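Chains as they are written, first to last, in my numbering: chain A, 2 to 111; chain B, 48 to 160.
Hint data in this document are derived by calculation from the structure and do not stem from the laboratory. Computed from a prediction, not measured in an experiment: that's the story for all the values here. Honestly, I wouldn't trust all of these hints.
As the list claims (entries may be wrong) - From the derived model, a few chain A residues whose C-beta atoms are all more than 10 angstroms from chain B:
(1) 7
(2) 9
(3) 16
(4) 23
(5) 43
(6) 44
(7) 55
(8) 57
(9) 61
(10) 84
(11) 97
(12) 99
(13) 100
(14) 104
(15) 110
Claimed, not checked - Partner residues are not named here, just some residues of chain A that face chain B (Cβ under 7 angstroms, in silico):
(16) 11
(17) 49
(18) 86
(19) 89
(20) 94
(21) 98
(22) 103
Here a beta-carbon is modelled for each residue, glycine too, at the ideal position from N, C-alpha and C.
These are the residues of each chain, in order.
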Amino acid sequence: GQQVMQIPQYQHVQEGEDFTTYCNSSTTLSNIQWYKQRPGGHPVFLIQLVKSGEVKKQKRLTFQFGEAKKNSSLHITATQTTDVGTYFCAGAWAGNMLTFGGGTRLMVKP
Amino acid sequence: ETGVTQSPTHLIKTRGQQVTLRCSSQSGHNTVSWYQQALGQGPQFIFQYYREEENGRGNFPPRFSGLQFPNYSSELNVNALELDDSALYLCASSLLDGTDTQYFGPGTRLTVL
């Protein structure tokens, strides 16, 4: 079946440092979505990438979709304590049934 | 807030029992998907309903079943509960209009003893 791998599993950073999480699919995706889940919360939609090579920015967050539409990354510049949580990528092949990666848990030391 | 609500918030059941979880979709959304999220893992797709019909199913046994009602609210039923069914159950509503964006509810935390 379709799988989405995400690394790293955990990341500790000092406040102000950058953070990147990577997502990889074995097959070409229709689109990829990113979600953030705070401790004790539910996944909150961040962004959707559809086009090959697409790059989108949201303030300090930069999202990229690979040229082959098999990999993606989320980069946070100058992390803040409010960035704490688990970041999930979720791939879609047909329709909008999502396959989630295992998530990267971000911890930020003030 | 996404406008997606779920009930109950928490639930404790014993092995072998049956459970029904409920979801109210965001207004105007015709599709609901259910996910199971075990502790420390990503959500796993259970199934999706579109206009009251099952539209896709993940790798879950038949004891996981669902319904979608004309007002697009939904139920997830799990029979013969097992300890491994303990998880956060999330529903997500969306429009099948090509945007694929899903809006998650707060989830129901199910504990099976």
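Against the structure, the hints come out as follows:
1. 7: violated, 8 angstroms
2. 9: holds, 14 angstroms
3. 16: With a cut-off of 10 angstroms, residue 16 (chain A) remains clear of chain B, as the shortest Cβ separation is near 24 angstroms.
4. 23: Consistent with the label, residue 23 (chain A) stays out of reach of chain B, its closest Cβ about 14 angstroms off (over 10 angstroms).
5. 43: violated, 5 angstroms
6. 44: violated, 5 angstroms
7. 55: holds, 14 angstroms
8. 57: The claim stands: residue 57 (chain A) keeps its Cβ more than 10 angstroms from every Cβ of chain B (closest is about 14 angstroms).
9. 61: Correct as stated: the minimum Cβ-Cβ distance to chain B is 22 angstroms, above 10 angstroms.
10. 84: holds, 19 angstroms
11. 97: At about 4 angstroms from chain B, residue 97 (chain A) fails to clear the 10 angstroms cut-off, so the statement is violated.
12. 99: The assertion about residue 99 (chain A) is violated, with a minimum of 6 angstroms to chain B.
13. 100: Not fine: 7 angstroms to the nearest Cβ puts residue 100 (chain A) too close to chain B.
14. 104: violated, 5 angstroms
15. 110: holds, 21 angstroms
16. 11: The hint is violated - residue 11 (chain A) has no Cβ within 7 angstroms of chain B, the shortest such distance being about 10 angstroms.
17. 49: holds, 6 angstroms
18. 86: violated, 13 angstroms
19. 89: Since chain B brings a Cβ to about 5 angstroms from residue 89 (chain A), closer than 7 angstroms, the hint holds.
20. 94: violated, 11 angstroms
21. 98: Status holds, d = 5 angstroms.
22. 103: holds, 5 angstroms
Violation of the numbered hints given earlier is confined to hints 1, 5, 6, 11, 12, 13, 14, 16, 18, 20; the remaining hints are satisfied by the structure.
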